[in-house]
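> So the protein lines, in turn, are chains A and B.
Numbered according to our numbering, the first sequence spans residues 1 to 87.
Numbered according to our numbering, the second sequence spans residues 1 to 208.
For the record, the hints were derived by calculation from the structure and aren't laboratory data.
Ideal placement from N, C-alpha and C gives every residue a C-beta, glycine not left out.
Any given hint might turn out to be false.
[Stated by the list, open to error] A few chain B positions that, by computed beta-carbon distances, are all more than 10 Å from chain A: (1) R68; (2) H122; (3) S154.
[As the list claims (entries may be wrong)] Ranges between beta-carbon positions, derived for each pair: (4) A:A30 / B:Q75: 27 to 33 Å; (5) A:D27 / B:D17: 30 to 36 Å; (6) A:P25 / B:G177: 27 to 33 Å; (7) B:E170 / A:E40: 34 to 40 Å.
Chain by chain, the residues:
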Amino acid sequence: MDERPYITCRELIEFLHLYLDGELPPDRVAEFDRHLAVCESCVNYIKTYQESIALGRAACRDWDAPAGDEVPEELVSAVLSARRRES
Amino acid sequence: MPEARAHVEREPASERDLVLRLRRGEEQAFERLVREQGGRLLAVARRFLRDEEEARDAVQEGFLSAYRSIDNFEQGSRLSTWLHRIVINACLMRLRSRRRRPEDSIEDLLPQFQADGHQVGHPTPDWEGSAETLLARGETRAIVRGAIDRLPDSYRNVLLLRDIEELSTEEAARSLGITANAVKVRLHRARQALRGLLEPHFRRAVSV
Numbered sequence: 001m002d003e004r005p006y007i008t009c010r011e012l013i014e015f016l017h018l019y020l021d022g023e024l025p026p027d028r029v030a031e032f033d034r035h036l037a038v039c040e041s042c043v044n045y046i047k048t049y050q051e052s053i054a055l056g057r058a059a060c061r062d063w064d065a066p067a068g069d070e071v072p073e074e075l076v077s078a079v080l081s082a083r084r085r086e087s
Numbered sequence: 001m002p003e004a005r006a007h008v009e010r011e012p013a014s015e016r017d018l019v020l021r022l023r024r025g026e027e028q029a030f031e032r033l034v035r036e037q038g039g040r041l042l043a044v045a046r047r048f049l050r051d052e053e054e055a056r057d058a059v060q061e062g063f064l065s066a067y068r069s070i071d072n073f074e075q076g077s078r079l080s081t082w083l084h085r086i087v088i089n090a091c092l093m094r095l096r097s098r099r100r101r102p103e104d105s106i107e108d109l110l111p112q113f114q115a116d117g118h119q120v121g122h123p124t125p126d127w128e129g130s131a132e133t134l135l136a137r138g139e140t141r142a143i144v145r146g147a148i149d150r151l152p153d154s155y156r157n158v159l160l161l162r163d164i165e166e167l168s169t170e171e172a173a174r175s176l177g178i179t180a181n182a183v184k185v186r187l188h189r190a191r192q193a194l195r196g197l198l199e200p201h202f203r204r205a206v207s208v
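My request is simple: use the sequences and hints to build the entire structure.
What follows is the structure in C-alpha cells.
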C-alpha cells in the first residue's frame with residue numbers, strides 16, 4: 001500500500017507546463033500521474049488548458065483579416081514611396 | 001520526419017532569384033515582396049498593436065528594414081520567416097515606446113487555492129465540447145479574441161509570440177529581452193489566465 005502523500009492540486013497546476021513539456025524528472029512525472037489518476041478536477045483542468053491553447057490559435061488565425069492575406073493598395077504605395085525616398 | 005520537413009522548408013529556386021534581385025536593388029522585386037508578404041504581415045502587426053495605423057506603420061518599417069539589411073539575409077533560410085521576425089520586432093519596439101500605463105495584475109485571472117492545496121471552486125468542470133466543437137459556434141472566435149485582449153500586455157505578448165506566431169522559447173526570449181525561463185513561466189500564466197477567462201463561457205452546466 002503506497003501511503004506517500006499525494007501532491008496537491010496547487011503543485012500540479014503550478015508546474016503543469018513542465019509536466020506537459022516533458023521537462024520533469026521521472027519521479028516527479030510519476031507523482032503527477034498518481035495525482036491525476038484520482039483527481040478528475042485536475043484532469044479537467046489540463047484538458048481545458050489545452051483546449052484554451054487550441055482556441056487561441058484558431059481564433060487568431062484570421063484575426064482582422066476579412067480579406068484574407070490581401071495587402072491594402074495604400075500600404076503598398078506607402079512602402080514603395082518610402083523605399084524610393086531611401087534610395 | 002525531419003528529412004521531409006527539411007525538404008518542405010528548403011528555399012525554393014524562385015526565392016533565391018528574388019533575393020538576388022532584391023540585392024541588386026530592383027524595385028519590381030521589392031514590390032513583389034510587399035504584395036506577396038504584406039497582407040500576412042499586416043495581420044501579424046494588427047494582432048500585436050490593435051491599431052490599424054500603427055500596424056501599417058510597423059509593416060512599412062519592417063519592409064524598409066528588410067530592404068536595408070537584405071545583404072544580411074542568410075541564403076538557405078526563408079524570406080517569409082525572416083520578414084515575420086523583423087515585423088514582430090518592429091511591433092514590440094512600438095509597444096515598448098508607447099506611454100507606459102501601470103499594467104493590470106494577472107493574479108486575479110489565475111487559479112486560487114485553499115490552504116489544503118485544492119482549487120477554490122473545486123472541482124474544475126469540464127467544458128461543453130472540444131475546441132473544434134466550440135469553434136463551430138459563431139461567437140466563439142470573438143469570445144476568445146476578447147479574452148486574449150484582456151490579458152496584461154506582458155502576458156499577451158508572450159502568448160502571441162509562442163502560441164500564435166509560433167516562435168521558439170529562445171526566439172521569444174531574445175525578442176522580449178528576457179530569459180527563456182521567464183518566457184516559460186509567463187506563457188504558463190498567460191495560458192492559465194486565458195483558460196480562466198474562457199471558462200465561464202464554455203463550462204458544462206452542472207446538473208443538480
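> Now tell me if each hint is right for this structure.
Going through the hints against the structure:
1. R68: 7 Å, violated
2. H122: 6 Å, violated
3. S154: The claim stands: S154 (chain B) keeps its Cβ more than 10 Å from every Cβ of chain A (closest is about 17 Å).
4. A:A30 / B:Q75: 27 to 33 Å: 48 Å, violated
5. A:D27 / B:D17: 30 to 36 Å: Hint violated: Cβ distance 55 Å, outside 30 to 36 Å.
6. A:P25 / B:G177: 27 to 33 Å: Holds, at about 30 Å.
7. B:E170 / A:E40: 34 to 40 Å: With a Cβ separation near 36 Å, E170 (chain B) and E40 (chain A) satisfy 34 to 40 Å, so the hint holds.
In summary, the numbered hints that this structure violates are 1, 2, 4, 5.
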